[in-house]
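Number of protein chains: 4
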Amino acid sequence: MKIKFLLLAALFFAAGSARAQVAATYQLTLEGAQKVMDAAVTYAKANQSPGGSIAVVDAGGHLLLFERLDGSFPASATVAIEKARTAALFKFESKKLEDAINGGRDALITVGFTFLQGGVPVLYNGQVVGAIGVSGAKSADQDREIATAGAAVQLQ
Amino acid sequence: MKIKFLLLAALFFAAGSARAQVAATYQLTLEGAQKVMDAAVTYAKANQSPGGSIAVVDAGGHLLLFERLDGSFPASATVAIEKARTAALFKFESKKLEDAINGGRDALITVGFTFLQGGVPVLYNGQVVGAIGVSGAKSADQDREIATAGAAVQLQ
Amino acid sequence: MKIKFLLLAALFFAAGSARAQVAATYQLTLEGAQKVMDAAVTYAKANQSPGGSIAVVDAGGHLLLFERLDGSFPASATVAIEKARTAALFKFESKKLEDAINGGRDALITVGFTFLQGGVPVLYNGQVVGAIGVSGAKSADQDREIATAGAAVQLQ
Amino acid sequence: MKIKFLLLAALFFAAGSARAQVAATYQLTLEGAQKVMDAAVTYAKANQSPGGSIAVVDAGGHLLLFERLDGSFPASATVAIEKARTAALFKFESKKLEDAINGGRDALITVGFTFLQGGVPVLYNGQVVGAIGVSGAKSADQDREIATAGAAVQLQ
Numbered sequence: 027m028k029i030k031f032l033l034l035a036a037l038f039f040a041a042g043s044a045r046a047q048v049a050a051t052y053q054l055t056l057e058g059a060q061k062v063m064d065a066a067v068t069y070a071k072a073n074q075s076p077g078g079s080i081a082v083v084d085a086g087g088h089l090l091l092f093e094r095l096d097g098s099f100p101a102s103a104t105v106a107i108e109k110a111r112t113a114a115l116f117k118f119e120s121k122k123l124e125d126a127i128n129g130g131r132d133a134l135i136t137v138g139f140t141f142l143q144g145g146v147p148v149l150y151n152g153q154v155v156g157a158i159g160v161s162g163a164k165s166a167d168q169d170r171e172i173a174t175a176g177a178a179v180q181l182q
Numbered sequence: 027m028k029i030k031f032l033l034l035a036a037l038f039f040a041a042g043s044a045r046a047q048v049a050a051t052y053q054l055t056l057e058g059a060q061k062v063m064d065a066a067v068t069y070a071k072a073n074q075s076p077g078g079s080i081a082v083v084d085a086g087g088h089l090l091l092f093e094r095l096d097g098s099f100p101a102s103a104t105v106a107i108e109k110a111r112t113a114a115l116f117k118f119e120s121k122k123l124e125d126a127i128n129g130g131r132d133a134l135i136t137v138g139f140t141f142l143q144g145g146v147p148v149l150y151n152g153q154v155v156g157a158i159g160v161s162g163a164k165s166a167d168q169d170r171e172i173a174t175a176g177a178a179v180q181l182q
Numbered sequence: 027m028k029i030k031f032l033l034l035a036a037l038f039f040a041a042g043s044a045r046a047q048v049a050a051t052y053q054l055t056l057e058g059a060q061k062v063m064d065a066a067v068t069y070a071k072a073n074q075s076p077g078g079s080i081a082v083v084d085a086g087g088h089l090l091l092f093e094r095l096d097g098s099f100p101a102s103a104t105v106a107i108e109k110a111r112t113a114a115l116f117k118f119e120s121k122k123l124e125d126a127i128n129g130g131r132d133a134l135i136t137v138g139f140t141f142l143q144g145g146v147p148v149l150y151n152g153q154v155v156g157a158i159g160v161s162g163a164k165s166a167d168q169d170r171e172i173a174t175a176g177a178a179v180q181l182q
Numbered sequence: 027m028k029i030k031f032l033l034l035a036a037l038f039f040a041a042g043s044a045r046a047q048v049a050a051t052y053q054l055t056l057e058g059a060q061k062v063m064d065a066a067v068t069y070a071k072a073n074q075s076p077g078g079s080i081a082v083v084d085a086g087g088h089l090l091l092f093e094r095l096d097g098s099f100p101a102s103a104t105v106a107i108e109k110a111r112t113a114a115l116f117k118f119e120s121k122k123l124e125d126a127i128n129g130g131r132d133a134l135i136t137v138g139f140t141f142l143q144g145g146v147p148v149l150y151n152g153q154v155v156g157a158i159g160v161s162g163a164k165s166a167d168q169d170r171e172i173a174t175a176g177a178a179v180q181l182q
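Protein chains in written order, with our numbering: chain A, 27 to 182; chain B, 27 to 182; chain C, 27 to 182; chain D, 27 to 182.
Treat the hints as calculated values from the structure; they're not laboratory data.
Don't take every hint at face value.
A pair holds if it fits inside one copy or across any two, identical chains being indistinguishable in the list.
[Stated by the list, open to error] Calculated cross-link-like contacts (lysine-lysine; reagent style DSS-like; alpha-carbon spacing at most 30 Å):
{"hint": "1", "residue 1": "Lys-61", "residue 2": "Lys-164"}
{"hint": "2", "residue 1": "Lys-117", "residue 2": "Lys-164"}
{"hint": "3", "residue 1": "Lys-164", "residue 2": "Lys-71"}
{"hint": "4", "residue 1": "Lys-164", "residue 2": "Lys-122"}
{"hint": "5", "residue 1": "Lys-61", "residue 2": "Lys-122"}
{"hint": "6", "residue 1": "Lys-61", "residue 2": "Lys-71"}
{"hint": "7", "residue 1": "Lys-71", "residue 2": "Lys-122"}
{"hint": "8", "residue 1": "Lys-117", "residue 2": "Lys-61"}
Turn these sequences into a full structure, and let the hints steer you where they fit.
Shown next as C-alpha cells:
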C-alpha cells in the first residue's frame with residue numbers, strides 16, 4: 027500500500043508542479059508511429075481510397091514515418107507532411123484552421139503554414155505526442171477521415 | 027498455351043501487379059514535348075493570341091521545353107512553368123484547383139502551389155507523362171485553351 | 027520462335043527509338059521502396075548504427091517512403107529527404123557533389139541543393155527509378171554505407 | 027520481491043522498451059528556460075560581455091524564451107535563435123558543425139542550418155530537453171561560453 031503511494035507520489039512529482047523546471051511527458055516512438063500509420067492505411071483500404079500520402083510527425087513537427095500509396099499524385103507527399111506539421115505545432119486539427127479561412131478569415135493564409143483539413147494530433151495521456159497528415163485520398167473529407175482513424179489508436 | 031502464357035505475363039508485367047517493386051511506365055521525350063509545344067503554338071497563332079509563355083514539364087514536374095513568344099510579359103515565364111508543375115504533380119488540370127478556391131475553399135491557397143487555370147496534364151496510355159502550362163495569352167481562358175490544345179496531341 | 031521475335035520487337039518499340047515521343051521506363055512502387063528501405067535498415071542494425079533517418083524518393087525526387095529510427099536527431103529527417111532528392115535529380119551519388127565542394131569547388135554551394143554524402147540513386151534496368159537518402163547514422167561514411175546497401179537491392 | 031518488480035517495471039517503462047509506442051521523456055518548462063537564461067545572463071555580466079541575444083528553445087527547436095541585452099546588434103536576435111535551433115535539432119553543440127566546416131567539410135554549408143558555435147543542448151536525465159543559443163557577445167568564443175554556462179544548470 028505504502029509503496030503504491032510512493033510510486034504515485036513519484037509519478038505526480040515527475041508530472042510537474044507549477045514551478046517545475048522540466049515536465050514529464052511522452053513522445054511517439056517509431057513503433058507508435060507505425061501503429062498510427064497501420065490504422066490509417068487499414069481505414070484507407072477498407073474505404074476504397076484510391077491512394078494517398080500518409081505522414082506521422084513528432085510533437086515538434088519533425089517527420090517520423092511516411093508512405094505514399096501507389097497511384098497517389100506526387101504533390102500529396104509534401105501536402106501530407108505539412109498538414110501533420112500544422113496539427114502538431116498548433117495542437118489541434120488543421121480543419122479548424124481551414125474552416126476559419128473558408129469562413130472568411132482569409133488573413134490566416136499569411137501565416138505560411140498549410141491550413142487544410144487532414145491533419146490531426148495524436149494524443150497520449152491527454153498530451154499531444156505527434157500528429158498525422160493525409161493527402162491524396164478520394165476527397166478532402168476522406169483525407170480527414172483517414173487521419174482521424176490513424177489518430178484514434180490507443181497507444182501503449 | 028505457352029504463347030498465351032507469355033502474352034499474359036507481358037500484360038501482367040506491363041500493368042504492374044500489386045506486389046511489383048517497379049511498374050512499367052512512359053516518360054515524355056524531348057521529341058514528345060516538342061509535339062505538345064507545336065500543337066499549343068499552332069493553336070495560339072490560329073486564335074490571335076498576343077503571345078504568351080508555354081512550358082512543358084515531365085511527370086516529376088521538371089522542365090523539359092519552354093518558349094516565350096515575342097511580346098509576352100516577363101512574369102509569364104515563371105507562371106507558365108508553375109502551372110505546368112501543378113498539373114503534373116497533382117495529376118489533374120490546375121483549373122480544378124483554381125475553381126475550388128474561387129468557389130470558396132480559400133484555404134487551398136496555403137498549399138503554396140500556383141493554382142491558376144492553364145496547366146493541363148499530358149497523358150499517354152492513360153498515364154500522366156508530363157504537363158503543359160501556359161500564361162500570357164489573351165485571357166486566362168485562352169491560356170487554358172492553348173494548354174488543352176497542346177495536351178490533346180496523340181503521342182507515339 | 028516467331029512469337030519470341032514479335033515480343034522482342036514490341037519491347038524494342040516500347041523502349042523507344044531516337045524519335046519516339048515517349049520512352050518506356052520504370053518507376054519505383056511502394057513495394058520496391060519498402061525493399062530498399064528494408065535492406066538499409068537491416069544494414070544499419072547489423073552495423074550498430076545508433077539510429078538515423080532513411081528516405082526513399084521517386085525519380086522526380088518526391089517522397090515515397092520514410093522512417094526515422096528511435097534516437098535519431100530531428101534534423102536528420104529533412105537532411106535524409108534532401109540527400110535522396112539530390113541523388114534522384116542529379117542521377118548520381120550525392121558524395122560526388124560533396125567531394126567537389128570539399129575539394130575546392132565551393133561555388134557549388136550556391137546551387138541550393140543539399141550536397142552531402144548519403145544520397146544514392148536506385149537503379150532498375152540501368153535507369154534511375156528513385157533514390158535513397160540517409161542521415162543520422164554513426165558517421166557520414168556510415169550514412170553512405172547504409173544508403174548504398176539500400177540501393178543495392180535487386181528490384182523485380 | 028513484489029516491490030523490486032514494481033520498481034523494475036517503473037524503470038523499464040521510463041527507459042522505454044524497444045517496442046513501446048510512446049517513450050517517457052521530459053520537456054523544458056518556461057520556469058526551466060528561465061533558469062537557463064538566468065545562468066547565461068549572470069555569466070555574461072560577470073565576464074564583461076557587451077550584450078548579446080540569448081535564446082532558449084524546446085527539444086523541437088521552437089522558441090521558449092528570448093532576451094536581447096541592451097546594446098546588442100539587431101541581427102544577433104535571429105542568429106541566437108538559429109544557433110539554439112541547430113543544437114536542439116542535431117542534439118549536439120553547434121560548434122561541432124562549425125569546426126567540421128572550417129576544417130574542410132565545406133559541403134555542410136548546403137544543409138541550410140546556421141552552423142556557428144554558440145548553440146548548446148540543454149539536458150535533463152541524459153535527454154535533450156531543449157537548447158540555448160547566444161550571439162552578439164564579445165567574441166564567438168564568448169557566445170559559446172555564455173551558452174555553455176546556461177546549459178550547465180541543474181534542472182529539477
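Comparing the hints with the structure gives:
{"no.": "1", "hint": "Lys-61 with Lys-164", "result": "both (22 Å within a copy, 27 Å between copies)"}
{"no.": "2", "hint": "Lys-117 with Lys-164", "result": "both (26 Å within a copy, 13 Å between copies)"}
{"no.": "3", "hint": "Lys-164 with Lys-71", "result": "within (11 Å within a copy, 38 Å between copies)"}
{"no.": "4", "hint": "Lys-164 with Lys-122", "result": "both (20 Å within a copy, 15 Å between copies)"}
{"no.": "5", "hint": "Lys-61 with Lys-122", "result": "within (25 Å within a copy, 34 Å between copies)"}
{"no.": "6", "hint": "Lys-61 with Lys-71", "result": "both (15 Å within a copy, 21 Å between copies)"}
{"no.": "7", "hint": "Lys-71 with Lys-122", "result": "both (26 Å within a copy, 25 Å between copies)"}
{"no.": "8", "hint": "Lys-117 with Lys-61", "result": "both (20 Å within a copy, 26 Å between copies)"}
No hint from the list above goes unmet by this structure.
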